[in-house]
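Chains as they are written, first to last, in my numbering: chain L, 1 to 437; chain D, 1 to 437.
Among the clues, some could well be false.
Claimed, not checked - Just so you have them, the derived chain L footprint on chain D, three or more residues with Cβ under 8 Å: (1) 24-33; (2) 285-298; (3) 315-327; (4) 345-355; (5) 367-377.
Said to hold, decoys possible - Computed Cβ-Cβ distance ranges for the label pairs, DEER-style: (6) Glu83/D to Gln241/L: 51 to 59 Å; (7) Ser393/D to Ile384/L: 46 to 54 Å; (8) Gly365/D to Glu388/L: 53 to 61 Å; (9) Glu326/D to Arg69/L: 27 to 35 Å; (10) Gln38/D to Lys122/L: 28 to 36 Å; (11) Ala364/L to Gly392/D: 53 to 61 Å; (12) Asp324/D to Asp66/L: 30 to 38 Å; (13) Ile384/L to His230/D: 44 to 52 Å; (14) Gln38/D to Lys49/L: 55 to 63 Å.
Calculated from the structure, these hints are not laboratory results. Idealized CB from N, CA, C, for every residue including glycine.
Number of protein chains: 2
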Amino acid sequence: MKPVKIGVMGLGTVGAGTLDVLQNNRIEICRRAGREIQVIQASARDIKKPRSCDLSGIQLTTDPFDIVRNPDIDVVVELIGGESPACDLVLQAIEHGKHVVTANKALIAKHGNQIFAAAQDKKVVVAFEAAVAGGIPIIKALREGLTANHIEWLAGIINGTGNFILTEMRDKNRSFEEVLKEAQALGYAEADPTFDIEGIDAAHKLTILTSIAFGIPLQFDKVYTEGITHITLEDVAYAEQLGYRIKHIGFARKRSDGIEMRVHPTLIPEKRLIANVDGVMNAVLVKGDAVGPTLYYGPGAGAGPTASSVVADLVDVVRTLTTDPENRVPHLAFQPDALSDHPVLPIEACQTAYYLRIPVQDEAGVIASISRILAEQKINIESILQKEPEPGSNQVDVILLTQPVTEKQLLHALAQIGSLPQLAGDIIRIRLEGMNA
Amino acid sequence: MKPVKIGVMGLGTVGAGTLDVLQNNRIEICRRAGREIQVIQASARDIKKPRSCDLSGIQLTTDPFDIVRNPDIDVVVELIGGESPACDLVLQAIEHGKHVVTANKALIAKHGNQIFAAAQDKKVVVAFEAAVAGGIPIIKALREGLTANHIEWLAGIINGTGNFILTEMRDKNRSFEEVLKEAQALGYAEADPTFDIEGIDAAHKLTILTSIAFGIPLQFDKVYTEGITHITLEDVAYAEQLGYRIKHIGFARKRSDGIEMRVHPTLIPEKRLIANVDGVMNAVLVKGDAVGPTLYYGPGAGAGPTASSVVADLVDVVRTLTTDPENRVPHLAFQPDALSDHPVLPIEACQTAYYLRIPVQDEAGVIASISRILAEQKINIESILQKEPEPGSNQVDVILLTQPVTEKQLLHALAQIGSLPQLAGDIIRIRLEGMNA
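Bound conformation, chain L alone:
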């Protein structure tokens, strides 16, 4: 079979990594795909810059729009990242009848509905395995492997930087700020770490996973997003004493009245496999009604893992070239005309258990008052932990784990606890998911 011709936009870490993998594993890939995958053009802001990857035989340009218009190119690979000009590039590539492979989660989460509609129209494929959880083939697993299932819920550690920080805090008793600095030095976190530590990156990925799991359009603006900047060593230690680990989790669940879609720090029982996913590694736990719980684990970022997914997508796209477009795997797992308008629920309606740390004056009756308020709001206490006050202090932390309640119920209760005269500081609350599967 004749070679498939590729254009790569962006020669940063992932772009260079993709060229490396295509080059180093050329024979292996060809033995599988049944034909050569040939990069004939690539774009970069600075084409003179020395790069480690082999660029021989590849036409270089500073203008990525050259690539989307190049009539010799069958598949365009977008590895520039960000929304602009990536969105224009992808839409123009589709307009020119080219298939697209991208690793761009922000692009898919925020512009995917428009992009997939355009692709549908032009009968081309837009593949995006690398956009979620790096090297883990989670899009493929959800979209094809679990196609028989009604997906009930999924939970993912889908930001490696955040997981690295929380792991170091627990293992080495180091503060958030200290570990963040190290993550930046190691290149795990950007100079501006906002997207990672505030949960935005995870929200992009959760948007994509939720849509594919439940057959709804992409709705990034509906994700409840909370970062990990307020997690302290005290809470990490208390969680551990209670048999839990704190992880930054993207969580989505289908309920009859709507879909919960939320990113936040979460206590998970330490016995669960996903609670033991440490460092920069990612994992996604998916609960299907037929299969039960399945988990997918691997590196969530980096040149090699991302390139692994990009090249897998390339081979997939190559294989669909002769498929009747109607028979291809739909972009969002469900046929475009079969997406549902099941609503995404506001956070107030979401239901989860809670870890509460309530600093109080160590006086008789304070626990009784807290318990009474929770009981009035029909919030059941799962367990309670009260520390002795430090010598010379009259202040203690009361640690409570609740059973699942709606956010609304909890907020009511917290408002009342907040006005107790014995309260001695801010109440800390972190969500808790049992991950019973």
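With chain L fixed as given, assemble chain D onto it according to the hints.
This is chain D only, laid out in the frame that chain L set:
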């Protein structure tokens, strides 16, 4: 699009489960696949037997050969199991131009080469996701998700019965025999548990995984297979003291001189995720050169999980109906004319670390003698553990962990240790893999 018509051979647990899933998730599956999947005929030995699944609209027969000859059927699902008549049925279905979906690991491991050649010839697909690790989409992950990678090695807990037994032994300090009886009562193990506890079932699955990972023909007869019947509570406890868990692992590694393919009990560092896969759950850890380590976890057996994979295969097959056969995913991941003759190595050439338990008379110099023998065979000791003798006894266990050596080296050393005058019983040896990835 018009419905695809299916015939199901076998209405046991998995057959009935498959009908249930197709029925219960009909809308969800149709929203994904873009068309109805209709079971029009099914076979069972006793068609009068009351069954929980809905059989309305399905023509029943006691002769599965009716199904492979039925001109109205597009895809045949083989859920009878075993080699005969399953092999004849599948070959005849192919001969009649039908696609096949099967959950039959013995069939694929032992007759796959012949079956895939026939399918290639007739341009039909034989899909077998359910044959390995039940509901985990590991065939898809390896064959499509990791297609960019040179696979270096893989390790799987691919027999749920064995994993259940080893988990119970460790967690509850119960003997192998006692847990086996419970597994039989719970329906996890067959009345004749040979295939599970002797590693034959795992060897079937490892044969398939190895072939797909490295692009070699299926070679079941070359798998080194060792069961778990000789694992004692003493060894489980010693392993734990050293920071390890004993798991029944199917392991395959590509070396420049050949491929290791072996099933045996294995010590794994307790910190590894795969060491924490417990009970009847399965998991496969795959190390690719680009992606690094990835792990796939889920239920390895049962009606729902197996049906999940069978139906996913059905949807895949349906989607390839309009694909040029040359562009389909090859059965064994690599194009049939690109399979390699890289040899499978005999166990003597395999390299692994070892746990050795050597019962000796507690006399001065015995450790020195053992150490000298190992040093002469160039076997490095990683760690050593010597227990105090029980009161009134002069016998002690010396526990050694070695660094990786070839089986041949180790056997030489063991022969010499075996002739030491202080030896007080049989030497126990269990392999150990660091699973460094």
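Status of the hints after comparison with the structure:
no.: 1; hint: 24-33; in the structure: holds (count 8)
no.: 2; hint: 285-298; in the structure: holds (count 11)
no.: 3; hint: 315-327; in the structure: holds (count 11)
no.: 4; hint: 345-355; in the structure: violated (count 0)
no.: 5; hint: 367-377; in the structure: violated (count 0)
no.: 6; hint: Glu83/D to Gln241/L: 51 to 59 Å; in the structure: holds (55 Å)
no.: 7; hint: Ser393/D to Ile384/L: 46 to 54 Å; in the structure: holds (49 Å)
no.: 8; hint: Gly365/D to Glu388/L: 53 to 61 Å; in the structure: holds (55 Å)
no.: 9; hint: Glu326/D to Arg69/L: 27 to 35 Å; in the structure: holds (30 Å)
no.: 10; hint: Gln38/D to Lys122/L: 28 to 36 Å; in the structure: holds (32 Å)
no.: 11; hint: Ala364/L to Gly392/D: 53 to 61 Å; in the structure: holds (58 Å)
no.: 12; hint: Asp324/D to Asp66/L: 30 to 38 Å; in the structure: holds (31 Å)
no.: 13; hint: Ile384/L to His230/D: 44 to 52 Å; in the structure: holds (47 Å)
no.: 14; hint: Gln38/D to Lys49/L: 55 to 63 Å; in the structure: holds (58 Å)
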